[in-house]
Amino acid sequence: MSTSYASERPSGATSPAPPVTGWVGLVVFGGIMLLTLGLFQGIEGAVALYHERFYLVTSDGLLLEMDYQVWGWTHLLFGLLSLTAGAGVLLGRLWGRILGVLITFLGALLHLLFLAASPVWCTILISMDILVIYALTAHGSEVRRHRP
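The numbers in the UniProt record's numbering rise by one with no breaks, and the one at position 74 of the sequence shown is 74.
These are calculated hints, taken from the structure and not from any lab test. By construction, the Cβ of each residue, glycine as well, lies at the ideal position given by its N, Cα and C atoms. Treat the hints with care, since some could be wrong.
As the list claims (entries may be wrong) - If you anchor each label on the Cβ, the simulated ranges turn out as follows:
1. Ile98 - Thr36: 28 to 34 Å
2. Pro119 - Ile98: 17 to 23 Å
3. Ala116 - Leu94: 34 to 40 Å
4. Gln69 - Ile32: 15 to 21 Å
5. Gly25 - His51: 20 to 26 Å
6. Ala87 - Leu113: 25 to 31 Å
7. His51 - Ala138: 34 to 40 Å
8. Tyr134 - Gln69: 16 to 22 Å
9. Ile43 - Ala116: 28 to 34 Å
10. Trp73 - Leu131: 35 to 41 Å
11. Ile124 - Leu102: 36 to 42 Å
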């Protein structure tokens with residue numbers, strides 16, 4: 001059994017794959033956080049769709065004036081994409097890391113626009129987005145698809 005996720009060696013290489021470093025845990029953390037962010041955004045979207053009186057301001061008080069129905073569907077879409085990216089990261093796929101960074105960057109911007117409606121919650125989610133971006137960009141290549 002190999003102790004490496006590195007499988008991107010040229011075919012016919014005789015040297016062993018480089019060992020797994022301790023940073024792989026940070027990337028797995030990023031993947032789990034993407035799954036968590038996806039669930040949180042899904043909940044936020046459902047609340048915007050079905051219980052808009054929950055928020056502190058009306059849709060006119062947001063940075064971008066939009067109906068909460070639009071915000072709800074936007075958050076649901078970002079939630080589904082975050083779940084997909086999180087699964088891709090945990091499977092060691094490059095597309096998962098790329099989609100994860102893109103989604104968390106756009107999610108942070110989305111939560112910045114939504115900040116007036118729910119300041120504490122959006123601040124927490126922006127912080128989580130920044131942590132995921134760091135994990136996936138600094139050490140994302142530590143987890144790769146393993147081929148026996």
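Quick rundown of the hints versus the structure:
no.	hint	result
1	Ile98 - Thr36: 28 to 34 Å	violated (19 Å)
2	Pro119 - Ile98: 17 to 23 Å	violated (30 Å)
3	Ala116 - Leu94: 34 to 40 Å	holds (37 Å)
4	Gln69 - Ile32: 15 to 21 Å	violated (30 Å)
5	Gly25 - His51: 20 to 26 Å	violated (37 Å)
6	Ala87 - Leu113: 25 to 31 Å	holds (27 Å)
7	His51 - Ala138: 34 to 40 Å	holds (38 Å)
8	Tyr134 - Gln69: 16 to 22 Å	violated (33 Å)
9	Ile43 - Ala116: 28 to 34 Å	violated (19 Å)
10	Trp73 - Leu131: 35 to 41 Å	violated (26 Å)
11	Ile124 - Leu102: 36 to 42 Å	violated (21 Å)
Hint compliance for this structure: hints 1, 2, 4, 5, 8, 9, 10, 11 are not met, and every other hint is.
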